[in-house]
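Given chain A, put chain B in place with the hints provided.
Protein chains: 2
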Amino acid sequence: MQSFELNKTDIQRIKQALEEDENVLKALLKEYHASEIAILFESLSEESRERIINILPAEIASEVISEMDAEIHPEKLLEKLHPERRSEIVEELDYDDATDIISQLPEERQNEILQDLDAEDASHIRNLLTYEEDTAGGLMNTQVIKVNSSLTKKEALEEIIRQSEEMEEFYTINVVDNYNHLIGIVSLKDIIKSKNTVHIRELVNDDFVFVKAHTDQEEVAKLLSQYNLSSIPVVDDTMHLLGRITFDDVIDVLEEENTEDILKISGVSEDEELSGNWKEAVKSRLPWLVINLGTAFLASSVIRHFEPTISRVVVLSGYMTMIAGMGGNAATQALAVTVRRISLNDLTDNQAYRTVLKEFTVGLINGAANGLIIFLFALIYDSNLMLGVVIFLAMTGNLVIAGITGASIPLFLKRVGIDPAIASSIIITTFTDVFGFLLLLGLASRLLL
Amino acid sequence: MQSFELNKTDIQRIKQALEEDENVLKALLKEYHASEIAILFESLSEESRERIINILPAEIASEVISEMDAEIHPEKLLEKLHPERRSEIVEELDYDDATDIISQLPEERQNEILQDLDAEDASHIRNLLTYEEDTAGGLMNTQVIKVNSSLTKKEALEEIIRQSEEMEEFYTINVVDNYNHLIGIVSLKDIIKSKNTVHIRELVNDDFVFVKAHTDQEEVAKLLSQYNLSSIPVVDDTMHLLGRITFDDVIDVLEEENTEDILKISGVSEDEELSGNWKEAVKSRLPWLVINLGTAFLASSVIRHFEPTISRVVVLSGYMTMIAGMGGNAATQALAVTVRRISLNDLTDNQAYRTVLKEFTVGLINGAANGLIIFLFALIYDSNLMLGVVIFLAMTGNLVIAGITGASIPLFLKRVGIDPAIASSIIITTFTDVFGFLLLLGLASRLLL
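If you read the sequences in order, they're chains A and B.
Mapping of the first sequence onto UniProt numbering: position 116 corresponds to residue 116, and the numbering continues sequentially without gaps.
Mapping of the second sequence onto UniProt numbering: position 256 corresponds to residue 256, and the numbering continues sequentially without gaps.
So here's chain A without its partners, still in its complex pose (with noise of 0.2 Å):
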């Protein structure tokens, strides 16, 4: 298989075959991945989604449901098929992603679908259906490959091999006592190449890292990657183990993490889908709006306390929006870099420090560089060199605190246990609007009239 793209020649095709007969709609289908199948649908309406599933094998239907983006709705294409077809796809998922989509739908919902299911896959699914979706437990698979540490090394290889049946992929072999107490790992490879008297208690490695069911997924994401392991056991408080978690769903934390990253810098609620309507968009966005017009009449009340000191020098105007606005640039650019540096490292009192120290020392540098030039400009074009001080001294205030203020509202956010990416730029160009204009106007009614 070559590296794939889906383009508009697999649309059409596939749109095509929807039209015709279904023998050739399934032939087509055989060329496709399970996961470019899910790939696919997001172009594909949902009638068309749901005959395609009832088409398919369903082994090959589970793993396209489990592919499919969150945000064209699993779940919603699960509810509408036939119970009986609905029970074989779901049996044939993984508890994990069986759960992520069934907690989607409302509870009577969940327990239909679920007391259609063979007795122990719905036990193994309620179960998981307790976690928190953003926790480990919420993450976790229940299926994982272990062994009892006083298995010889033939019984533990049957056991592996017995138990590997139901799985596709596994990474590590868990070692747990009578108890299910989880003692340690071991890897498939230190099996084999022990000797064939050897138990698996001498092969254990219990120097290993693990994680409780109600760890953060954040954290999760942060040891398997520190650590770069394939996967990571999850325990109850009582080291009882209870499932696993991989690296393709840390993968999955890390989009999802940083997507919400990317919208809370941007004044977007971090739950907005990206695919999302214009309804749902509007309802993620216009409370950060009217926020933001709220501190923007507290800007505006600043050009409204100098309007006389405006109505004397009018060029003024033109130069408030220049130095509110380049104290917004620089302090968006202040607030991403530190709001990314904290989002993947802690940083010490030390360092925190030394942060706000470098974007006051940026913000100067920067400030007087603009500065220099709007000087030179307000020299040349309207002649007036006190002017010029006065744009001078306003715009390396304002990029000295918009470097403050970019740097130090997310790391005293973070300090505080609120996740710095909420300090948005709309926040944080309150400050450099309101600071702006109360340095150039105050300035120049100082310095100008």
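Calculated from the structure, these hints are not laboratory results.
Honestly, I wouldn't trust all of these hints.
Treat identical chains as interchangeable: a pair holds within one or across any two.
Calculated cross-link-like contacts (lysine-lysine; reagent style PhoX-like; alpha-carbon spacing at most 25 Å) [as the list claims (entries may be wrong)]:
| no. | residue 1 | residue 2 |
| --- | --- | --- |
| 1 | K15 | K153 |
| 2 | K222 | K264 |
| 3 | K222 | K30 |
| 4 | K222 | K283 |
| 5 | K153 | K30 |
| 6 | K195 | K154 |
| 7 | K222 | K8 |
| 8 | K15 | K146 |
| 9 | K153 | K279 |
| 10 | K279 | K154 |
| 11 | K80 | K15 |
| 12 | K8 | K30 |
| 13 | K8 | K212 |
| 14 | K153 | K193 |
| 15 | K193 | K264 |
| 16 | K8 | K153 |
| 17 | K8 | K414 |
| 18 | K195 | K146 |
| 19 | K264 | K146 |
Chain B only, in chain A's frame:
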């Protein structure tokens, strides 16, 4: 090992131990995992890092160096070590990690390091140094597990155990023909489960994902995450097996690309190091601010053009900044959602068209809602109905423009092959500034004078 977060105490303990005798330090370091020491390094001086690297066993030292953040320059640390010690450490590194670090040094220093290594290691690294850093070739490790398809189960297992001696972990076994052509993959599990008489060629899965050496790293990351693979084999143009890329490298790529996105969208050069000093920050941000200043002159020339209007209705200068500022924020919202969406998925023409239409609608509604608030304010506070109408229309119009430009500019850039994140808030707010002022002041000079 419990989930780990470095705190002040750890750093203080290490700093204290650095002052005391070597044995105290050695004993203390034993408590930490290599990746933890790498994080500790961020709070230590270069001299302290060098001392610790020299004390640690070569195996651990090399792990620490490979886990060090690129921003604290492992290559400089390596450069400073005694040549013998350095070779010892480099030889313990995975080839891809060694290449990443050495590639940061000037060519003559690279050669000095390479000529001290044993011939095989040096040739592997020299080979890897020829690939571009951000391609599959630049990312891959040349240490792979591979077996010839003609081997029997027993021969293959022996071969795998032999090859895996030098590797920490492996996830898939590559199957090659007599000419090192990659013909498929097989899992260790499937080999173990098979009968003793079986040949590898009977087990091989030939429907697998692979990448060419020159494939862009972003494409590699998309494939690995789309197909949930723990590793991807890398081949040359004639299918010779060159190496493999593992999920942990892909996680690093994703974090790197996400950092670049968030920086670019905020008007910061993508190569600014998050923990860099103020000189680097000024170099990275000043050009963008100067561009912004240029566009601000454009916006302020609109204001200058309408100076007579402003001097007759001075209260307009307060509303000007509100309408421009709100437009900038609404544009940033639309931009963030669109850029993030494009970076996760490619959009069809139809999806792109609907995205712009959606942002138009969102702009219209959010504009009218905020316009209404500001209209009421003008009515009550300035007792001027016509002024209220003017600012209502300007607010609505500017937020529509914000939505359209925020969505269409990144979509256009993507279509012509430019990174859409370059459409930073700096570029986009030029539109909302200029149009905001034009709308407000143009309407005001028609309707209010």
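Intra/inter-copy verdict for K8 and K212 if alpha-carbon distance must be at most 25 Å
between (45 Å within a copy, 24 Å between copies)
Are the CA atoms of K222 and K8 at most 25 Å apart within a copy, between copies, both, or neither?
Cα proximity of K222 and K8: across copies only (19 Å, versus 38 Å in one copy).
Indicate which option fits the pair K80, K15 if close means a Cα-Cα distance not exceeding 25 Å: within, between, both or neither.
Only inside one copy: K80 and K15 sit 21 Å apart there, 62 Å across copies, limit 25 Å.
Give the relationship of K264 and K146 under a CA distance limit of 25 Å: within one copy only, between copies only, both, or neither.
For K264 and K146, neither the intra-copy (41 Å) nor the inter-copy (46 Å) Cα distance is at most 25 Å.
Reference check for the pair K15 and K153, CA-CA at most 25 Å: within, between, both, or neither?
neither (53 Å within a copy, 45 Å between copies)
Using 25 Å as the alpha carbon limit, work out where K8 and K414 are close: within a copy, between copies, both or neither.
between (45 Å within a copy, 16 Å between copies)
For K153 and K193, with the copy left unspecified, which applies at a CA distance of at most 25 Å: within, between, both, or neither?
Close inside one copy (10 Å) and across copies (14 Å); limit 25 Å.
When no copy is specified for K279 and K154, does a C-alpha distance of 25 Å or less occur within a copy, between copies, both, or neither?
neither (60 Å within a copy, 62 Å between copies)
Checking an output row: K195 and K146, CA cutoff 25 Å. Within, between, both or neither?
both (20 Å within a copy, 23 Å between copies)
Under a CA distance limit of 25 Å, which applies to K153 and K30: within one copy, between copies, both, or neither?
neither (41 Å within a copy, 31 Å between copies)
Quick one: K222 to K30, C-alpha cut-off 25 Å, is that within a copy, between copies, both, or neither?
Result: close only across copies, 22 Å inter versus 38 Å intra.
Can you tell me if K8 and K30 fall within 25 Å by alpha carbon in one copy, between copies, both or neither?
For K8 and K30, only the intra-copy Cα distance (18 Å) is at most 25 Å; the inter-copy one is 57 Å.
Hint check: violations occur at hints 1, 4, 5, 8, 9, 10, 15, 16, 19; the rest are consistent with the structure.
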